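K.L.:
Below are the chains, spelled out letter by letter.
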Amino acid sequence: MSSTTATTHGARDHARAQAGATAEAMPVLPARSASGLPDGVPQERLTWAETVAGGGYASRVLARGTTLRLTDLHGDACAHVLLYNADQPWERLNVADTVKVPWQAYLGAGHPLLSDQGRVLASIVADTSGHHDALCGTSSRDANARRYSADGGLAHGPAPAGRELFVLAASKHGLAPRDIPPSLSFFQGVKVEPDGALRFDGSAGAGAHVELRAELPLVVLVANVPHPLDGRDSYTCSTLALHAWRDRPTQPGDPLWSATPESERAFLNTADYADARGLA
Amino acid sequence: MTPAEPAQEQQLGTLPDGAIVLDETVPARAPWSAVVEAGQLLSIVDLGGNQAVDCILYDAHDREQRYSAAETIAQQGSIFLTTGSVLRTFEGTPLMTVVADECGRHDTLGGACSKESNTLRYGHHTKHQHACVENFLREGAKWGLGKRDLVSNINWYMNVPVEPDGTLGIVDGLSSPGLTVTLRAERDTLVLVSNCPQVNNPCNGFDPTPVRMVVTQP
Numbered sequence: 028m029s030s031t032t033a034t035t036h037g038a039r040d041h042a043r044a045q046a047g048a049t050a051e052a053m054p055v056l057p058a059r060s061a062s063g064l065p066d067g068v069p070q071e072r073l074t075w076a077e078t079v080a081g082g083g084y085a086s087r088v089l090a091r092g093t094t095l096r097l098t099d100l101h102g103d104a105c106a107h108v109l110l111y112n113a114d115q116p117w118e119r120l121n122v123a124d125t126v127k128v129p130w131q132a133y134l135g136a137g138h139p140l141l142s143d144q145g146r147v148l149a150s151i152v153a154d155t156s157g158h159h160d161a162l163c164g165t166s167s168r169d170a171n172a173r174r175y176s177a178d179g180g181l182a183h184g185p186a187p188a189g190r191e192l193f194v195l196a197a198s199k200h201g202l203a204p205r206d207i208p209p210s211l212s213f214f215q216g217v218k219v220e221p222d223g224a225l226r227f228d229g230s231a232g233a234g235a236h237v238e239l240r241a242e243l244p245l246v247v248l249v250a251n252v253p254h255p256l257d258g259r260d261s262y263t264c265s266t267l268a269l270h271a272w273r274d275r276p277t278q279p280g281d282p283l284w285s286a287t288p289e290s291e292r293a294f295l296n297t298a299d300y301a302d303a304r305g306l307a
Numbered sequence: 457m458t459p460a461e462p463a464q465e466q467q468l469g470t471l472p473d474g475a476i477v478l479d480e481t482v483p484a485r486a487p488w489s490a491v492v493e494a495g496q497l498l499s500i501v502d503l504g505g506n507q508a509v510d511c512i513l514y515d516a517h518d519r520e521q522r523y524s525a526a527e528t529i530a531q532q533g534s535i536f537l538t539t540g541s542v543l544r545t546f547e548g549t550p551l552m553t554v555v556a557d558e559c560g561r562h563d564t565l566g567g568a569c570s571k572e573s574n575t576l577r578y579g580h581h582t583k584h585q586h587a588c589v590e591n592f593l594r595e596g597a598k599w600g601l602g603k604r605d606l607v608s609n610i611n612w613y614m615n616v617p618v619e620p621d622g623t624l625g626i627v628d629g630l631s632s633p634g635l636t637v638t639l640r641a642e643r644d645t646l647v648l649v650s651n652c653p654q655v656n657n658p659c660n661g662f663d664p665t666p667v668r669m670v671v672t673q674p
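Protein chains in written order, with the working numbering: chain Y, 28 to 307; chain P, 457 to 674.
Bound conformation, chain P alone (with noise of 0.2 Å):
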């Protein structure tokens, strides 16, 4: 006798061992977010591949304390997260740290896509399309936060390059389906996601996919 397949359908990603709190879905262009306690880690999975997942993050009882792009990459001496990078606070203060990726690199300098920026990038035809500040907004009222708590964000899975004379732009990505990036909190941390909903450039490739965030206790 053969055994049964599994009823369930097979969720993509590595994920780390540890009892799963949280298993989550976030649809191509939504937002989302969740405090992931001190020691939890956080999966991030690719499931389409080449998606970039716009993230803030803040310190879940001190939403003042809150991700420095310019501090995070200064301390780590380079522009690209990847295992081991710790993501600071402007004061300094490690929020999490990558302990796992199956992508290589992930961008910390081109931020979030807005309404506003789209009509410099590509015209102002693009006004009316939806974008990462947009989800940021909406999704940070939940918490309290407002525009003037929304600072320079990490784009997991996006590729900027930087070249010599200084041209950096948004790239095909490195990533696919079912790469997976895990952080651990090291201490309670909001975490704020932009599921990008970008298509005029091809950090999305083109076609916004959703991605599966995993929270577990190890």
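For reference, chain Y alone in the conformation it holds in the complex (with noise of 0.2 Å):
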């Protein structure tokens, strides 16, 4: 007896059987036929909706304005982000301002998120976990193999580095490894006590969410992996949910444009960019 994969056809019926399987981890299309939405997701808006492992990424294209909410569903996500200006990825997310230009090294609602051109990539709006980091950065492959085992790290391994799965995620937009700077993490906190010393102090708890709102079209690049401060002995990271829909970008009069006169000159760059470049 030969098995059903045996010929073309055989192989055939065998793959397409398969569809309307469903993973825990996985993209919906289109994003609005996704169920089960958090509460004040616009269902008729979304432009994005996927699921992603602990261990896995996901990577998108989003227009200004868009708003994009990352939901830690279990408890033990971290979101580790990078944006890019998606006219010219060139211009990316620089941490160092980020935290210095705001007087700010802990990330929350109202902070800016900037670019290298004194321009904001991304506004949070919303942040029901106030756990996050600016400062870490991503997992090296180097901290893994240390941490989980000799062959940790690697993207095709057990514990794979934030940074390797960065190296995947930016390689689909055109992006190289010298591309890829200092990162972001959501959902897993970090503070620096006062001699300098980091201190992990980890999760908020299941269903905290983040928004970021899109001042400039955006690659957006995510990697779900533990934290690199995450003391524990296994590789513990749980899922992700990320929904994005069509709004708007700051704009005069909203009380993010004016919170801080380095925000507000900040909204201005990046509106006199989007105006010169035919942005709406």
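Note that these hints are calculated values from the structure, not bench results.
Be aware that one or more of the hints could be misleading.
Stated by the list, open to error - A few chain Y residues facing chain P, derived, Cβ under 8 Å:
#1 145
#2 162
#3 219
#4 225
#5 257
#6 292
Stated by the list, open to error - To list a few chain Y residues with every Cβ distance to chain P over 10 Å, as calculated:
#7 55
#8 66
#9 128
#10 164
#11 255
#12 305
Unchecked claim - Covered stretches of chain P, going by a simulated chain Y footprint (3 or more residues, C-beta under 8 Å):
#13 482-488
#14 525-531
#15 557-569
#16 579-593
#17 641-647
Predicted model, so just to flag it, every value in this text is computed and none were measured.
Glycine included, C-beta positions come from ideal geometry on N, C-alpha and C.
Two independent chains are provided; combine them into the complex using the hints.
P.N.:
Structure representation (structure tokens):
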């Protein structure tokens, strides 16, 4: 007896019979057909609905004015995020300016995520977690190999490092390892002690979410991996949900626009660029 | 008879033992770069005191491997650099180690000033001023490095505390004339420097001054 996949027709039938299966981590297309949406996510305007497994990654190009909600479904997600101006990806998230310009090391609602060109790539417009990190970046192969297993850290191994996943995600947008700067992470917090020591303070628990508003057209890279300071012996990272929908960029009159003098000039620079570039 | 005074001007700095292979003064506001070979020591002397020295490191033979502020502070568990700090690449590989430090702490968070970020921090009237990113771009171009190769940098002698509520900022420096920090190259390392020209905050005491770079072979 030959197997059902011994012939092209048999193999085709076998492949096609898999359609309709579901997994916890998967994209839903069209996004507007996604079910079980969190409160406040407008189904009719969705442009991206995807769940990302621990150890997984996702990426997307999002229009200016899009709102992206990240949800820590089970309490152990850690969303490492990089942002690029999709029109000119050599303009990208600059974590130093993102903490220096607002005079604030800790991320939360209202925080502008700044590029190296003095513009706002995205604004944090909602945050029910308060446990985030802009300082420690993502995990490396070297650190994961020492923490989890000798072959840890590789994308095909049991403990993928965030850096490895960013290399893959970036590649899909024509970007190379040299294009991957330090990243931000959401849902696992870090605080700085008075002597400069870094203290990991973990998760806020299941169900927390963060919303980012795209202030420019963005390439968004997301790697869902344990935080580099997560001291647990096992590679612990749970599913992350991503929902994006059409919305508006921050405008004059929005409280965010003039929240601080630095923010206002950052939004002015952003609007100035978008206007000259012909972006709505 | 009293001995004659030395003819040459006494140079400031506390240098390690060994043969001097390079001894250069970087003028105020200027860029600088050099390859420091594995095992050699680079001493950075703050000649005038409280002079921020912005610095990015690259593996001299594989410049895709470069300093990562995030990897460096995550692995050492502290935001400040001082003696014992290992300066690592994004992959965790040591590029250089701080082997002596007379200042006490150096910044990993503040990054480089740029004409663009100056417009946010101080206003658009500062856009015309020179900035560290300009130095990095111009000096990096000599080595084939471009804008995509710039990452969060080290700020030697810059003082950036973080308050309990997360407030962070560049405050008055802890350095003084002649203080020296010495780094050992763990592999051949391209050192890219901007002698910070910023005049709108206290990182240079509002008066950018020269720094001395000395490479010794122990």
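K.L.:
Run every hint past the structure and note whether it holds.
P.N.:
Verification of the supplied hints:
no., hint, in the structure
1, 145, "holds (3 Å)"
2, 162, "holds (6 Å)"
3, 219, "holds (4 Å)"
4, 225, "holds (5 Å)"
5, 257, "violated (11 Å)"
6, 292, "holds (5 Å)"
7, 55, "holds (33 Å)"
8, 66, "holds (28 Å)"
9, 128, "violated (5 Å)"
10, 164, "violated (2 Å)"
11, 255, "violated (4 Å)"
12, 305, "holds (21 Å)"
13, 482-488, "violated (count 0)"
14, 525-531, "holds (count 6)"
15, 557-569, "holds (count 5)"
16, 579-593, "holds (count 3)"
17, 641-647, "violated (count 0)"
Of the numbered hints given earlier, the model fails hints 5, 9, 10, 11, 13, 17; all others are met.
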